[in-house]
Structure formats: C-alpha cells, structure tokens
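Residue strings, one per chain:
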Amino acid sequence: MILLLSLVLAFSAIAILPTFSEAQSASKTFVTHSGAIIQTSGEVIDPLYTASTVEFDPMVYLRDFNYGQVSQLPDGTTVREFTIVAEDDKIMEVSPGIFYNVWTFNGTVPGPTIRATEGDIVRVKFINNGEKEHTMHFHGIHPAGMDGVFEPVGGNGGQFVYEFEAGPVGVHPYHCHVMPLEEHIVHGLYGVFIVDPKEKRPSADEMVMVLNGLDTDFDTENNFYAANTIPFYYQHHPIQIKTNELIRVYVVNMVEFDPINNLHLHGNLYHYYPTGTDTVPSFYTDMITLSQTERGIMEFKYDYPGKYLFHAHKVEFSEKGWVGIFMVNENQDKGSEGYGT
Amino acid sequence: MELSNKSSKGKMIVSGVIPFVFLVILIAYIFGPGSDLLDLGTPLPEITLEKVDFIDSEIQITVRNTGPIPVEVAMADINDRIQPAAVEPDRFLERYETTLVRIPFEWNEAEPYRVGITIEDGTRFEKEIEAAAPALEPTVDLVVFFAIIGTYVGIVPVMIGLLWLPFIKKISKQKYHFFLALTAGLLLFLGIDSVEEALEVSKENLAGSFNGALLVATVLVASFLGLYYAGEKLVNRAKSSGITKPVAIALMISIGIGLHNFGEGLAIGAAVGLGSIAFSTFLIVGFALHNTTEGIAIASPMSREKKVIRKLAVMGIIAGVPVIFGAWIGGFVYSPFTSVVFLSIGAGAIFQVVITILKWVREEGDKNLSSAAVSSGFVVGMVVMYLTSILV
Numbered sequence: 044m045i046l047l048l049s050l051v052l053a054f055s056a057i058a059i060l061p062t063f064s065e066a067q068s069a070s071k072t073f074v075t076h077s078g079a080i081i082q083t084s085g086e087v088i089d090p091l092y093t094a095s096t097v098e099f100d101p102m103v104y105l106r107d108f109n110y111g112q113v114s115q116l117p118d119g120t121t122v123r124e125f126t127i128v129a130e131d132d133k134i135m136e137v138s139p140g141i142f143y144n145v146w147t148f149n150g151t152v153p154g155p156t157i158r159a160t161e162g163d164i165v166r167v168k169f170i171n172n173g174e175k176e177h178t179m180h181f182h183g184i185h186p187a188g189m190d191g192v193f194e195p196v197g198g199n200g201g202q203f204v205y206e207f208e209a210g211p212v213g214v215h216p217y218h219c220h221v222m223p224l225e226e227h228i229v230h231g232l233y234g235v236f237i238v239d240p241k242e243k244r245p246s247a248d249e250m251v252m253v254l255n256g257l258d259t260d261f262d263t264e265n266n267f268y269a270a271n272t273i274p275f276y277y278q279h280h281p282i283q284i285k286t287n288e289l290i291r292v293y294v295v296n297m298v299e300f301d302p303i304n305n306l307h308l309h310g311n312l313y314h315y316y317p318t319g320t321d322t323v324p325s326f327y328t329d330m331i332t333l334s335q336t337e338r339g340i341m342e343f344k345y346d347y348p349g350k351y352l353f354h355a356h357k358v359e360f361s362e363k364g365w366v367g368i369f370m371v372n373e374n375q376d377k378g379s380e381g382y383g384t
Numbered sequence: 008m009e010l011s012n013k014s015s016k017g018k019m020i021v022s023g024v025i026p027f028v029f030l031v032i033l034i035a036y037i038f039g040p041g042s043d044l045l046d047l048g049t050p051l052p053e054i055t056l057e058k059v060d061f062i063d064s065e066i067q068i069t070v071r072n073t074g075p076i077p078v079e080v081a082m083a084d085i086n087d088r089i090q091p092a093a094v095e096p097d098r099f100l101e102r103y104e105t106t107l108v109r110i111p112f113e114w115n116e117a118e119p120y121r122v123g124i125t126i127e128d129g130t131r132f133e134k135e136i137e138a139a140a141p142a143l144e145p146t147v148d149l150v151v152f153f154a155i156i157g158t159y160v161g162i163v164p165v166m167i168g169l170l171w172l173p174f175i176k177k178i179s180k181q182k183y184h185f186f187l188a189l190t191a192g193l194l195l196f197l198g199i200d201s202v203e204e205a206l207e208v209s210k211e212n213l214a215g216s217f218n219g220a221l222l223v224a225t226v227l228v229a230s231f232l233g234l235y236y237a238g239e240k241l242v243n244r245a246k247s248s249g250i251t252k253p254v255a256i257a258l259m260i261s262i263g264i265g266l267h268n269f270g271e272g273l274a275i276g277a278a279v280g281l282g283s284i285a286f287s288t289f290l291i292v293g294f295a296l297h298n299t300t301e302g303i304a305i306a307s308p309m310s311r312e313k314k315v316i317r318k319l320a321v322m323g324i325i326a327g328v329p330v331i332f333g334a335w336i337g338g339f340v341y342s343p344f345t346s347v348v349f350l351s352i353g354a355g356a357i358f359q360v361v362i363t364i365l366k367w368v369r370e371e372g373d374k375n376l377s378s379a380a381v382s383s384g385f386v387v388g389m390v391v392m393y394l395t396s397i398l399v
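Chains as they are written, first to last, in this note's numbering: chain H, 44 to 384; chain D, 8 to 399.
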C-alpha cells in the first residue's frame, strides 16, 4: 500500500512539474491585427519597429535619390560618378528580434538609388569588400563588357569601373550577377537605377519602392515581404503626402521564389507607365501585377485626406509585411476643397 | 591497529576520489574558459512546439528550447501569416526552458491550423494541428465525465474478467497452467504495446534532445527492477504477513496492470482533449473489451485460494482506477514527456509481472515451461490480445 501511495505521489509530481513556469510581472498591452487590445504579463512580440530602433530607415530610403558626383566632358556631356561598395558579412535586424545576414551595396538593402538623365555618362566605381565575388549588372542599354556578368570582381577589395551612357529613359533595377544568382539577389544585392528624360517629368512628390522578400531560413520560400525591406514599416509609419499633389512612385519588384507580386492602391487609381520608358501611361488602374524585376512608374493624386492602404493583393505577402499606409494630409498651399475631417 | 585501519580507510577514499579529480580536470580542459579545442562547427538552435491550446479568441503555444544554445522567440504566425503575440514570462529561453506564446486569433472549430514560431536567426519552427478544438477546462462536469469513462473502461471490465474465477477454479492443473500462461501472454502483449506507444509518443511529440528511445529504455528498466525488488520482498514476506504467494503475485499483477491502464487513461483523455471524438469512442470501446482479459490475468493466480472475493475486488480497483487518473491527466495537463515516462513505467511493471508469473509456473509445473499447456496458453494470450487490439 505504501508502495502504491508513493507511486501515486511520484506520478502526480511528474505530471504537475512541467506546468510550473508561470511568473507574474507588470502587465503590458498590444493591439492585434483586427484591433483587439490584449493584456499580457510577459513580453509583446510584434513586427513593429519604432523609428529609433530600425537599423535601416525605409522612410529615408523612400525619397533618397543619388545623383552622383557631377562633372562635364569637354563636349558638355554630364558625367555622374558613383562609388558603390559591396559587402556580404553584415548581420542586420530585419524585423524586431530577427537577425539576417544581408549582402549590401553601400551598406543597405536595397542599395542606393542611382539617378541620371538620359545621355549622361554614368561611371560607377565598384569596390568589392565582400568575401565572395560580386558584380553590378544594370538593366538597360550598355556595351557587353559593362554588363557585370562575365567580369566577376574578386572579394576583399577587388575593383571594377562600370561606364556607360544612361539609357533608355525609365526605372531599372541593378543587381549582382554572380552565380548562384538567386543567392546573391535574395541576400540583398540590388537597387534602383532611374533614367530621367531630358525633358523633365512634371514635378511631383517622388518616391522609390523596391518590393522585396527575405528568406531568413533558407528554404527557398520568403519569410517576409516588404516595400523597402522592413516588413510592416510603412503601416506603422505611414508615408505622409498631401491632397492634390502629384505622387510619383518608382516601383521595382525584386521578389524571388514567388512568380508574381503586385501593388494595389486604396481609395484611388494610378496611371501606370510600364518600365517608365514611355511618357504616356498604359493603364489607369489600382492593381498591377509584376513578375521578377518587372517595374514601372505609378502616378496619382489624392482628392480626399485620410489614411489609405497600399499593399500586395496577393494577401499572403501583405500579411507577411508588404503593406503600408499613405497618410494624406490637407494641402494648405493650394487651398483644397477639404473633404472629410 | 585502529590507527592503521583509519589510514587505510582514508587511502580507500582518496583512491576513489582521485579519478574524479582527473575527470574534472579533463572536462575543464576541454570545455573550460580559454579552451578552443572544441570550437568547431556552428551549433544549430532548436525549439519544440510542445503543446497548442485553442482557447477563447486565442491560440496558445507552449514552446521549449530543445537545442544546444539559448534562443529568443521573435515572431509568431498562424498558417504562415505573421501575427502579433505575447510571450509569457519572456522570450529568452535557456536550454530546456519553456515559455507560453499567446496569439490572439479568431480560430474556427474543427479546422486544421499550422502554427509557427520564428526565432532570432530567422529560423521558423512549425506544428500542425489537424482540427482545432477548445482546450478542456477542468470543470466538475468534465472531471466526473472522465471518472465515469474511467470506470467503464477500467474498473467494470476488469471486474467482469474476474468473474471467470469460478470457472478457472474448477479446471485441472494442466488447464490451470494454460490459463496462467495465457495471462503471461496477455501481459507480454500489453508490455510490448506500451513500449510501442511510448516510442511513438516520444518520436512524434518529444524533441530529439530528450533521447526518447533511451528515456523509454531507462525508465522501463528502472521500473522493472524497482518492482522486481519490491515484488520479491512482498512474496518473501507473504508467509509472515498472512498473504499467500499466489495472492502476492496477483497483487503484483494488478499493480502492473494498473500502471498500464494509467497509460490507457492518458490516451483516452488526450484523445478527448484533442477533440478527436470518433477516435476516443473507439478507444473507449476497444480498451473496455481489452481490459476484461486483464481481469482473467488477475484471477488466474488466485484461483487456488479461498475467500478471495474481497481481495479480488481490491485488486480490480487497483488495476482499474488508474484509468480515471490517467484520463484526468491526459485531458487536463497532457505533456508528451509525462506520457512517455508513464507508459515506460507501465511497460516495466508489466514485464516484471510476466517474469514473476513464468517463474511461478515453472516452480509449480515441475520446472517445465515447455509443456503443451504453457506454450499454447502463451500463444493464445497474445493472439486474443492482438484480436481485441484491432478494435482500438
């Protein structure tokens, strides 16, 4: 009987022990995707960055255009010189608490937005400070030797100068073209190259959105999607724009693994210029589907102030970070009609 | 004389300690600070999603760090869609530490869900739930419900099995041996069944770092030896305490079966808890049929005794009641580790009983275990169990 009793005691001890791990502390609250407010005595894990904690600031990148160091040739041609440094050992916090080895052009993913006018000479001094071989392959028109495919640049300080005439007009990606290509792109070696027409486009609030994904566990499926790398960033830090002001977004899809991506705008439609090569828009729509490196220019104006979502209508992507908000503010300058409150 | 005795004792202790000292030095040399001898390879983090509970507008995941290094829980998702969540008490997990991830989510009953946890290096771990069902709350109703089920599955069938006693009493010695061997066959089958179940649970739900198969083996052997030792003592003391040897053996059998039935209770409770109602119905019917044979196992050794009704009733309760405890634990505080341990203890207990019975038959039956009665009884026992087990 004693044997039995002790057995029963031992059993209950084994059964109950694993459930002892609760600890009480000050309670915190957070808001779910559906708006519910939840209290917890523990920590909150939410893919929500504050502006001060983010390592790469998508808000700065959004409107950061790099025109290079400008000089003139004797014949008057503008020369724009850029220095791009590749690295492949950086560990970046890509979403709160999640660290990923990014490969970078000038320290960021995406790399700097390079901007020139059609006919300018673009001269890019490329320095590879990575461990592996890297290159820069520009989409656009240039001589074969400037294509960044058959001229791998060795790591630990290897150099190469890419020089070509900017063209054609439009928005183009640039990216590393060393095999295995998918690996080099997915880790972050890409950026945007904008060629402006000689006759400038109408002035606008211009911004760049690189639609990208992050495969943090290397299973050839993206764990995160975003506009400009950081998941959910523009949702929690809405992009401030004004009513009746022309907005021009240069959109480039760099998502790998998934065959398509898309961009849906709420409360509005945009004029779409595929690849930005034409000055006449091809579509007036609120939804464009983009395949790999497909890109274009979107132009729109908001009549009414307020919050408007933009996101992938492949909703899986938006639920993994590719979602943002335009905060449309009343334009004081132009005395707009002032709908809404 | 005394002095030399003391010094020799001291020498003995020193000689016992010296190897330990060298062992400590060795470990310190290999693992200690400043040693880079074993600084090779990258340890891979690992977590296990041990338990998923569906409660009111919330999915809760119990996460354990089962890898070689500390980890941080960084993100939660449901069906591969990122969700804000709370981690209690915190997201930092040392080895083997657990934490509770609470994900507010309006889930739908009976739908399958994949829940995922991503740690700080971006690795995602996933667990699939076949059908969401509300977590069982230990309400009085449910406690009573499990007790009733446990009674039907455990106590009643065992008691029914015991009713064969008068029949076994009237048969010849040969046939009696047949029934004892039958009992051993039944039990051997149950033991193997428990081991299989324990290995299955450990493989499916227990992290690799628990070394499931070795855990089963270790607990099984410990339980076997512990009960073997206790059983021998009980049998030896039987004469002085007024219990006869057959009664002592029957008691050991009922304890062994009780431990085994505890595992059955766990299975039923867990099945109800996981919401697989159809499956748990099968389990209940199957175990009930199955357990009547356990009554025979207890009755057989007692059949040459007199005035056994009360003793039998007690033994029936010892064998049957653990189903109720098992159902409670399985339904309310299920953990795979606990289940594996219980199932292994049960298996060890049963093997111990098999050995005891066989020893007894051998002593009784002229040191012969290869008689037609014994062999056929053993085989029939296993076949009967196999056939009833198909029902489960």
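It is possible that part of the hints are untrue.
Stretch by stretch, here's where chain D covers chain H in the computed footprint (C-beta under 8 Å, at least three residues) [stated by the list, open to error]:
1. 89-95
2. 132-145
3. 148-161
Hints listed in this document are in silico derivations from the structure and should not be mistaken for laboratory results. Note that beta-carbon positions come from the ideal geometry of N, C-alpha and C, so glycine has one too.
Now for the hints, and whether the structure bears them out:
no. : hint    : result
1   : 89-95   : holds (count 3)
2   : 132-145 : holds (count 7)
3   : 148-161 : violated (count 0)
Against the hints set out earlier in the document, a violation occurs for number 3 only.
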